[in-house]
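Student: Residue numbers (the numbering used here), protein chains in the order written: chain R, 3 to 416; chain D, 8 to 375.
Read the hints as simulated data drawn from the structure, not as lab findings.
Beta carbons are placed, not taken as given, at the ideal position from N, Cα and C, and that holds for glycine.
Just so you know, not all the hints are guaranteed correct.
What the hints assert, rightly or not - Per the computed footprint, the stretches of chain R lying under chain D, defined by three or more beta-carbons under 8 Å from a beta-carbon of chain D, are: (1) 73-84; (2) 107-117; (3) 190-204; (4) 227-235; (5) 373-380.
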Amino acid sequence: MHTMQSTLLVGPADWDATRMPKDEFLARTVALWRIAPAAAGVIVYGDRAHHAELAYLTHFTPKLEAALALIPRVGAPRLLVGGGAGMMQAARPLTFITGVQPLRNAGATVAQWIREQSGGGRPVLIGRPYMPHALHQEIAGALGTIADKTADLAALMRRKSPREAAAIGEACASLDAAVTAMRQAQRSGAGVTATVLAGEHAAHKRGAQDVRTLFSLDGGRTLRPFEASVEGAIDPLQVYVAVRQHGYWAEGFAVVTASSNPYVRGANEILLYAIKMIAPGRRCGHIARETNEAIAPLRSHTLTQHVMGNAIGLALEEHPLIAADSTDVFEAGGVYSLRVGLSDARERTCFAVAKEILADKGLSDDSYAAAEKTMGLESLVALVATVGSFSMTCLTAATFRIDPPAANPTPLAE
Amino acid sequence: MTHDERLAAIRAGMIARKVDTLVAIHDGAHFIETPNPVFVLGRFKSLGPAAVVLPKDGEATLIVTPAWDAERAAETASGMRIAGADDVVNGIVAAIGDAKGIVGIAGLPFAAWGIASRLTQALPQAAAADDVVFDAAAAKTADEIANAREATRIAELGYQRLLEVARPGMSEDELAVELRWYTKTLGAEDNFLLLCAGARNPAVAPSNGRIMQAGDTLVAEITPSYRGQLAQICRTATLGPASADLKQKYSLLVRAMNAGIGAASPGAPMAAVCRAVNAVLEAEGYGEYCHPPHIRRRGHGLGFGSIRPGDVSLDNGTALREGMVFMIHPNQHLPEAGYLLCGEPVLLTADGAEPLTQQRSALAEIAI
């Protein structure tokens, strides 16, 4: 899932040897040479937004500026971190690598480093897709064409170790705490922003490294990030929460509501059905197609109709994607996030028709045809009549300045 | 200046530079140091990669990924056609269609390689056009100035919160997370919050797990963003009483900052602000500390859209003009005191630089 990227990461990210010992990183490095058998060394790029590969090999989370890890086949790795020399003191606790230096003159630095490596092989690059264009030009200018092994490393990262699974479990517990806090806040009458932020706070109190949220102001039809405070309360409130703990992500959708909701129950049942189908060797595409069939006659939500899940770990979205056209398979030891969203086509059509006829004073031919197909002519006539009736009531109330009775406030005030 | 006036200036710039179609690209990784031409044109802070395709005399198209975020874009980018897309480069190519003429690209150097390399392949003749966008965004619009004022208000409240909650035994991370969350409750959608503490800080750096101790000097750049506009305050506090020497050094920085604020006026080069700050410190014998590796700049522009007028540095000859918003911060490493933070966001008016803060920086002592 896409979430809003923060300009600076502030959560706890220090390396904790008891949670993730150096030996585990060294074993990962040994595996790295299997995907780059002739390489003299590996250059790994990471920044605030994309650093799963860098974290996998060094534990380092670039909170502020980008970093490059230089991992030689023989000898100690180096970590080059953006920022001046004075910033290195703050960076060192975030990694087990002792050689932490400022990242300066990237092209010349990596060229010198590769000259120092024995064997004369070419280096390989990891993280090129995320690297700023200008930085890539500088490195390519110094080293020439350089192979990128990001996808190969991603394959190594799919199977989680017990320690990694434990970290994801911790993230799940914080995710639960966040949603529980949101439910409590809503029950106490909190508005949308206060509800969402209560959840974020609860996850942070459990030591979350990062918390990202999306929420809906239109009954779950669309999701949005926090942009400005929304004081009013909404029930049901559709939320998406992603929590990162000890480097690893967990995510989930939740409907925060005081009442029972048949769609939520239905979505939960389908989610459990999808989970039961998953087994090592099963194709991701098969699970996605079967799940979509189970959703009928309702439709999959816009957010989940193409991709209903993915592997998850150091990145919020890892491969494989769980999509109808995917030929990837589930693996033992893989950790996956599945998302089921239901959409009622009739309800969605009501919203679209009302919005269009009020804005454009009529329906386009395409919209009319789509609405008639979904609702039938009789229901479409009823919908247009209802919109007209409601508009007349609103115009009357507005023209004659009639306030709703204090004891019977309008549910559409927000 | 209004947003529409800015767009008109950008179109005028296109004509002057003979650019028929402008492509603005951003990869969705929002950062204080990198400008975002999509935000300048569309006032939209995207979740994923986004672009604007602006013909010199036609309707602009805002390309949004993920596609499901298109409706949110339509709320802010009024007057633009909104195109939800799964792939921003494909969206750009489709929006350009068979348009003829010269294409200019803004934002390419900062875009991720995965996007930039494909875009340069798709538009091999395109020329850099960053100046077309950012020259027109050197001064803020009225809305951006109002947002900068609100962001400053939030920053000052955030600092008050810091003074209330910071205590020995708390980790830097814990404090930073709490402040970031608190400023969100006040309406800040993001916060560039550099915060660290120590007996003598070598620099201001991102927080880590270090446990703060009595006697620490705590330095913080609190930089909330309100509706996509950043504003920053730079503050220093001690956990417990400050020494007389520290107080004296800090008052020197305040004097330097005030000299910088006094030197900022319409028509003056930005370098003059830096020189004014340096002069105060040089007079006290700290000349060597006014240059790299100790210090590179005395302030900077404030995004997320445009970061013009750029750094408050000796090599920035940009002529200041009304409506510019930027930081003046003589943040300084002093051998006796370590790194200290002191700075205000200012709006350049006809009368000079107006600090946006209600209270200027002063060394604070947190009772413990």
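Student: In ascending order, which of the hints set out earlier in this document are inconsistent with the structure?
Tutor: 1, 2, 5
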